[in-house]
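Peer 1: Going by numbering that gives the first Met the number 0, the first sequence opens with residue 0, and the numbers climb by one from there.
In short, the hints are calculated from the structure, not lab data. From the three backbone atoms N, C-alpha and C, an ideal C-beta is built for every residue, glycine too. Do not take every clue at face value.
[Stated by the list, open to error] Here are the in silico distance ranges between beta carbons for each label pair:
#  : residue 1 : residue 2 : range
1  : GLU449    : SER158    : 34 to 44 Å
2  : ARG817    : ARG674    : 30 to 40 Å
3  : ALA427    : SER501    : 29 to 39 Å
4  : GLU479    : ARG277    : 56 to 66 Å
5  : ILE431    : SER158    : 52 to 62 Å
6  : LYS422    : LEU231    : 34 to 44 Å
7  : LEU231    : HIS57     : 40 to 50 Å
8  : GLY514    : ARG54     : 43 to 53 Å
9  : GLN42     : ASN206    : 44 to 54 Å
10 : HIS345    : THR252    : 30 to 40 Å
11 : GLY122    : GLY514    : 26 to 36 Å
[Claimed, not checked] Cross-link-like lysine to any residue pairs, in silico, SDA-like; alpha carbons within 20 Å at most:
#  : residue 1 : residue 2
12 : LYS807    : ASP844
13 : LYS307    : HIS399
14 : LYS205    : THR618
15 : LYS374    : ASP340
16 : LYS601    : LEU231
17 : LYS374    : ARG409
18 : LYS653    : THR618
19 : LYS163    : GLY189
20 : LYS809    : LEU867
21 : LYS307    : THR252
22 : LYS659    : LYS601
23 : LYS659    : GLY772
24 : LYS807    : LEU851
25 : LYS402    : LYS248
26 : LYS807    : GLU852
27 : LYS98     : PRO144
28 : LYS98     : HIS57
29 : LYS807    : VAL820
30 : LYS813    : ALA868
31 : LYS205    : PHE490
32 : LYS205    : HIS399
33 : LYS653    : SER630
34 : LYS402    : GLY457
35 : LYS374    : LYS402
36 : LYS371    : ARG334
37 : LYS726    : VAL849
38 : LYS163    : LYS205
39 : LYS98     : LYS809
40 : LYS374    : HIS345
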Amino acid sequence: MSTSSSPDTSTDAVTDDPAPNRTIGVNMPERPSIDNIEERWIQAWEEQGTYTFDRTKHRDEVYSIDTPPPTVSGSLHVGHVFSYTQTDVMARYQRMSGKEVFYPIGWDDNGLPTERRVQNYYGVRCDPSIPYDPNFVAPESPHHPPIAISRPNFVELCSVLTTKDEAVFERLFRRLGLSVDWRQHYTTIGPRAQRISQRGFLRMLKNGQAYRQEAPTLWDVDFQSSVAQAELEDRETVGAYHRIRFHTKQMPTLVIETTRPELLAACVALVAHPDDPRYQTLFGTQVTTPLFEVEIPVLAHPLAEPEKGSGIAMVCTFGDLTDVIWWRELSLETRTIVGRDGRLEHISFGARAFPSIDPSRAQLLYDEIAGKTTKQARARVVDQLRDSGDLVDEPRAITHAVKYYERGERPLEIVSSRQWYVKTLELADDLIRRGREIDWHPPFMRARYESWIEGLNGDWNISRQRFFGVPFPLWYRIGEDGSIDDLHPIFPDEARLPIDPSVEVPEGYDTSQRGMPGGFTADPDVMDTWATSSLTPEIAGNWEDDPDLFERIFPMDLRPQAHEIIRTWLFSSVVRSHSLHQSVPWTNAAISGWILDPDRKKMSKSVGNVVVPTELLETKGTDAVRYWASSARLGVDTIFDDRQMQIGRRLAIKILNASKFILTQLGDEQAQAPRALDPLDESMLGALRSVVTASTLAFSNYEQARALELSEQFFWDFCDNYLELVKNRAYRRDEGAESAKHALGLALSVLLRLFAPFLPFATEEVWSWWLEGSIHRAPWPRTEEFGEVSGDPEILAAVSAVLGEIRKAKTNAKQSMRVSVSRVTITADAKRLGEIGLGRGDLIDAGSIVELELVERAGQDLDVSVELADPD
RNA sequence: GGGCGCUUAGCUCAGCUUGGUUAGAGCAUCUGGUUUACACCCAGAGGGUCGGGGGUUCGAAUCCCUCAGCGCCCACCA
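Let's have the full structure, built from the sequences with the hints guiding it.
Peer 2: Right, here's the structure in full:
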């Protein structure tokens, strides 16, 4: 034998090698590793089109997924890694099960988050009154103070930045091994999304599902835009109760309590409960407000709570949502004083809207607060009340829940404005019924959907007074007198969509007529981001522009998403689908949990506890991270736990090593079906067949964590016991070896495929050592593959138990596992003894047993007595 | 105020739908072993009155009632 170094060491002649020459595993490395294998496979999958959607497949052969388009202006966090992996696991399972998986990817890049990011990133702000500057160059670093730029310039910057952000997201998602079809790609600001959003809106306008109305609207004074009920959140905020005296002749003193004394000038009534004995004499009378001395009615309404404060409330236009209800139901006056910028407007007392007994004094007092913010005005009004003697006691500090826009910093105001709405209130029953057509995973998440619908207090406001969004595709006529005809919008032909009405001109008009008497003006608003996102199935499926595709994927099979956006994304999607298609948008909703940090706080950027996902994937390995994400059940909030990733990492490595070992034993001989299977091999295959059945069932119930657990449990036992028992026999050249090789080959193939959805890289790596094609297009294991195997899992279990006892004896004696055993006596009942007898030869080999005695004793389950060989 | 979820070993979690081995796994801890599949390995050990109380049952982690703690969702919180 040559001692010179040969590059071809693996085929170096080793004449006494019991295994034949093998070509299997020519790509098999000496020391397999899961590190740095990702990029190779990502590239191979892309080149081979492994995940490309085949659109010739019929609807019932397709599994379609309404992938959540992540907000690209947000940061990447482990929550993305977690939930997107859970969806990918299901996608891979469905693909292997024979479904053609429609797995698109979108980026949510329109809307306020992007605007805000652009403002901060470049140091700019949008001023729609400025004309477009074609030579504008964005500053290198954030400019202070922000540069005012035109709307078109601003929108351009939004596009530039989102493109950058999207590239970062794409890198992460590829690295995570998502089996999305990158050709099925959309953005929520792109032309297709705009066209479909606008078409969806026009359809709903025409069928009466959308309407425009002037009404009290939730308003963020910083963003200067309306917001929807779904975007509210309560925040505990410090405030104070102020006891204020109103003037009446009916009672010696009349005191109300309020947290918003600055709205006194906007007061339009007092309200008490109809049964409240204290105020019976007041109902129907007029009382006078302090300071401004405006006469207001005292009215009864059941919403007034006698226990709260003094039991009688000051109704202002508008302090909160209850005021809106009272205002509407009691047909009260409108006296708005808070402007859209959050400051008190200048108003005139004595005018019709603001009558006063003493207009000049009222004006004097009010002029001190006009122009101030509500907070500044509040302090001043309290001083005024104190001076006038109408403040009873000093303000009492409290903490109470106040409504904020979820992205906002100051409490919401309610202003009267004209907005576009989508009808939801009258659909409530239908929407709940639709919700019950969807299979929720986990089922209890449906309760959140229903409780949201039951709590709706108005229709869905879809218009926003912002810039980077989908414009409403409408114009309004301007009368000869310059008045705008809001009631009869001009619609574009749908074939023209998408359009920007501030640039394009309605049919029959020309550019010169824009903004002119007798001409037209564009609707200035953009759509709420959810008005677009609610159409993701339509956008991904290219609704009406590609009806052939759409009918192959809609209604979709799966909507994966997080639970905090049930009231927004999920709800609004059901609304649109119900109205546009009289259908649910999908048949399954898989709701992922949150990632919590070890203190059980939700991981978020503001808490400063976010782990950078790309670093995580690089240091742990993608499969390890995917294992962690896969082992969490849907809907369950999960602690970020790198120990769980370590376990996944070990599993992936073990799969590589065990596979290498098995492939080495298989050799390259054409696998031949053995004449008869050894009972131990058959037993192992019988157990594995049960795993296939149980794992498949778990997947069909959207319990991927269970499927993983089953396969993993089997696999470790398979390595520790079966491989040890069978490896000596497999090396021989007899019938027993044939049986072992057959069983090993089948088991390896099945196991790799069972793990493939979870650990796509490690399993693909092994597959490539052995077989052609991608494992991710290989069929999901079926029980039929096991043929006539009728294996009783008890045999392997019994033999393994004996092997365990022998190991225990060796361990207790602090001996090596390789030390030989001079005598083993097994006492058991006939059935157990029979099972063990079937694995006798393998047991003797694996345990290094010199003498094995089987003793039958009825009623004895299993007793193993072990005599170790003399250490000498 | 209404609703949902959770509470099992030091840690992270299964098990509960359909009640029945001695309540499981991994990690961590401890004790050993091994270096021709794998030290990212192997073997073994210790560790739990299944949140409290009550009930149903021959039998309850599992079913029912109740209480508590934690988390979340919803609500017209002057």
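Peer 1: Please go over all the hints and tell whether each is borne out by the structure.
Peer 2: Status of the hints after comparison with the structure:
no.: 1; hint: GLU449 x SER158: 34 to 44 Å; result: holds (39 Å)
no.: 2; hint: ARG817 x ARG674: 30 to 40 Å; result: holds (33 Å)
no.: 3; hint: ALA427 x SER501: 29 to 39 Å; result: holds (35 Å)
no.: 4; hint: GLU479 x ARG277: 56 to 66 Å; result: holds (57 Å)
no.: 5; hint: ILE431 x SER158: 52 to 62 Å; result: violated (39 Å)
no.: 6; hint: LYS422 x LEU231: 34 to 44 Å; result: violated (20 Å)
no.: 7; hint: LEU231 x HIS57: 40 to 50 Å; result: holds (44 Å)
no.: 8; hint: GLY514 x ARG54: 43 to 53 Å; result: holds (46 Å)
no.: 9; hint: GLN42 x ASN206: 44 to 54 Å; result: holds (48 Å)
no.: 10; hint: HIS345 x THR252: 30 to 40 Å; result: holds (33 Å)
no.: 11; hint: GLY122 x GLY514: 26 to 36 Å; result: holds (31 Å)
no.: 12; hint: LYS807 x ASP844; result: holds (17 Å)
no.: 13; hint: LYS307 x HIS399; result: holds (13 Å)
no.: 14; hint: LYS205 x THR618; result: violated (55 Å)
no.: 15; hint: LYS374 x ASP340; result: holds (13 Å)
no.: 16; hint: LYS601 x LEU231; result: holds (19 Å)
no.: 17; hint: LYS374 x ARG409; result: holds (10 Å)
no.: 18; hint: LYS653 x THR618; result: holds (18 Å)
no.: 19; hint: LYS163 x GLY189; result: holds (15 Å)
no.: 20; hint: LYS809 x LEU867; result: holds (7 Å)
no.: 21; hint: LYS307 x THR252; result: holds (18 Å)
no.: 22; hint: LYS659 x LYS601; result: violated (41 Å)
no.: 23; hint: LYS659 x GLY772; result: holds (18 Å)
no.: 24; hint: LYS807 x LEU851; result: holds (17 Å)
no.: 25; hint: LYS402 x LYS248; result: violated (36 Å)
no.: 26; hint: LYS807 x GLU852; result: holds (18 Å)
no.: 27; hint: LYS98 x PRO144; result: violated (55 Å)
no.: 28; hint: LYS98 x HIS57; result: holds (10 Å)
no.: 29; hint: LYS807 x VAL820; result: holds (12 Å)
no.: 30; hint: LYS813 x ALA868; result: holds (13 Å)
no.: 31; hint: LYS205 x PHE490; result: holds (10 Å)
no.: 32; hint: LYS205 x HIS399; result: violated (43 Å)
no.: 33; hint: LYS653 x SER630; result: holds (18 Å)
no.: 34; hint: LYS402 x GLY457; result: holds (16 Å)
no.: 35; hint: LYS374 x LYS402; result: holds (16 Å)
no.: 36; hint: LYS371 x ARG334; result: holds (17 Å)
no.: 37; hint: LYS726 x VAL849; result: holds (18 Å)
no.: 38; hint: LYS163 x LYS205; result: violated (38 Å)
no.: 39; hint: LYS98 x LYS809; result: violated (51 Å)
no.: 40; hint: LYS374 x HIS345; result: holds (16 Å)
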